[in-house]
Structure formats: structure tokens, C-alpha cells
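Student: Spelled out, the chains give:
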Amino acid sequence: DGGITQSPKYLFRKEGQNVTLSCEQNLNHDAMYWYRQDPGQGLRLIYYSQIVNDFQKGDIAEGYSVSREKKESFPLTVTSAQKNPTAFYLCASSPHRGGDSYNEQFFGPGTRLTVL
Amino acid sequence: AQTVTQSQPEMSVQEAETVTLSCTYDTSESDYYLFWYKQPPSRQMILVIRQEAYKQQNATENRFSVNFQKAAKSFSLKISDSQLGDAAMYFCAYRGLYNFNKFYFGSGTKLNVKP
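Listed in order, the protein sequences are those of chains Z and U.
Plus 35 on top of the position in the first sequence (first one is 1) and you've got our numbering.
Mapping to our numbering: the second sequence position 55 is 43, numbers consecutive.
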């Protein structure tokens, strides 16, 4: 089955530690995204990547880093510089067929990160 | 930058009744796409319905339909014959035609369905 997987589902981190969230897709989508979701709020864009070896900062990139070495994978590292990392993190992907098609986003099941 | 506003943080509907969720957006673009996503308690985001701005006909998917008013920049979601499984957070989203890799999401509306 095609889809997006995120691991782990729950992640606990001590203050001062870096942690990496995994996101893999087998949909052959070119674009991938990371969002942060806090209680009662919508999705805020952290980073996105349109092609391999290229990515752009979103609205709240500070304290986060990403890589895109393979089309299928877009891992997110939450660094110790992120002041309030406890949140729900969603990974998404979309095809890159050009502007005149829906290119809707498909989402993974998310990772809940808690800083202890 | 584009903004998407959902002014109803929470709504309730009786099972089998109809409910309408509101969404407005701000853009200077003439061509774009609009979406409604559902996030149930499992937190898996699911696409409910989508609309192309250049299509005047409102999109419909089974019990879900939209009322797209381009001039008013309004994109409401109507759920008919509400079911218990419709209880979820609903997010309105915008994507431009040209900057098509960036999506803008509203803050969401929590829908409660009463038996």
C-alpha cells in the first residue's frame, strides 16, 4: 500500500538533546513537508522540500533542521535550540505536477514529541 | 501572504442534522485551490473535499459539499446527515496556483456530533 510513515509514534526527549523524527513515503511524490501542531491551533510549516537535496524554511524553522538525500525520506531534527519542542509533528507529501493541478497534500500519522 | 481564517473554534450538531463550517481567506491571486481536511481523534489528516477557484460549480463528495463564494473569499463546508464518525477537527486550506508547493491552513473547527 502506498502511503506515508512516520516513526516513532511517541518520542520523549530530555532537555538539551537533539532528536530526529523519521518520515518516509512510497507515493513517488516530489514535495515533502513538516508541520507542527499545538493544542487548539492549526498547522504551522517548519520546512518543505520540492526536490532531492533542496529544501526551504517555513514559518517556524528556528531550532529545526532537515535533510533530503533521497526522494522517499525527509527526516526532521529537533535541536536543543528549539525552546518549546513539545508538540505533535506531521509530515506530508504532494506530487509536483505543476501549478494547474490539485497537488493536494497527503499526511502521515504524526509523531508526538514530549520534552521531559 | 495568504491567510485562512476559521472563525468557529468549536461547533456541535445533532446526529442526522446538517451543519456548516465557515472559512474565509485572503489572497490577491485569481487562481488557486481550496481544501477541507478532517482530523479525527486518531490525528490522521484526511482530505474531505477540494475546489478549484476557476470552477463556479461547488464541489460535492457524498454528504459533504462546499459553498464557494469567490468574490467574498468564502469557502464553507456543509455536512449533511451528520454521523458520529464526523466528529473531528476540520481544517480549511489554501494553495496558490503559482507558489503551488506552499499550503496555508486555518486554525481549525472542532465538530462535536451528539447522538
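Hints were generated in silico from the structure; no laboratory data involved.
All residues carry an ideal CB built from backbone N, CA and C; glycine is no exception.
Check each hint, because a few of them may be wrong.
[Said to hold, decoys possible] Residues from chain U shown here face chain Z by an in silico Cβ test under 8 angstroms; the list is partial: (1) Phe23; (2) Arg31; (3) Gln32; (4) Met33; (5) Ile37; (6) Ala41; (7) Lys58; (8) Ala59; (9) Lys61; (10) Phe79; (11) Phe91; (12) Phe93; (13) Ser95; (14) Asn100.
[As the list claims (entries may be wrong)] Over the 12 angstroms line for every Cβ pair with chain U, so calculated as not near, a few chain Z residues: (15) Glu50; (16) Val54; (17) Ser57; (18) Gln76; (19) Lys106; (20) Ala116; (21) Lys118; (22) Asn119; (23) Thr121.
Student: Next step is simple, just say for each hint if it's right about the structure.
Tutor: Evaluated hints:
no.	hint	result
1	Phe23	holds (6 angstroms)
2	Arg31	holds (5 angstroms)
3	Gln32	holds (5 angstroms)
4	Met33	holds (4 angstroms)
5	Ile37	violated (10 angstroms)
6	Ala41	violated (11 angstroms)
7	Lys58	violated (17 angstroms)
8	Ala59	violated (22 angstroms)
9	Lys61	violated (18 angstroms)
10	Phe79	holds (6 angstroms)
11	Phe91	holds (6 angstroms)
12	Phe93	holds (4 angstroms)
13	Ser95	holds (4 angstroms)
14	Asn100	violated (15 angstroms)
15	Glu50	holds (25 angstroms)
16	Val54	holds (19 angstroms)
17	Ser57	holds (17 angstroms)
18	Gln76	violated (6 angstroms)
19	Lys106	holds (15 angstroms)
20	Ala116	holds (24 angstroms)
21	Lys118	holds (22 angstroms)
22	Asn119	holds (18 angstroms)
23	Thr121	holds (15 angstroms)
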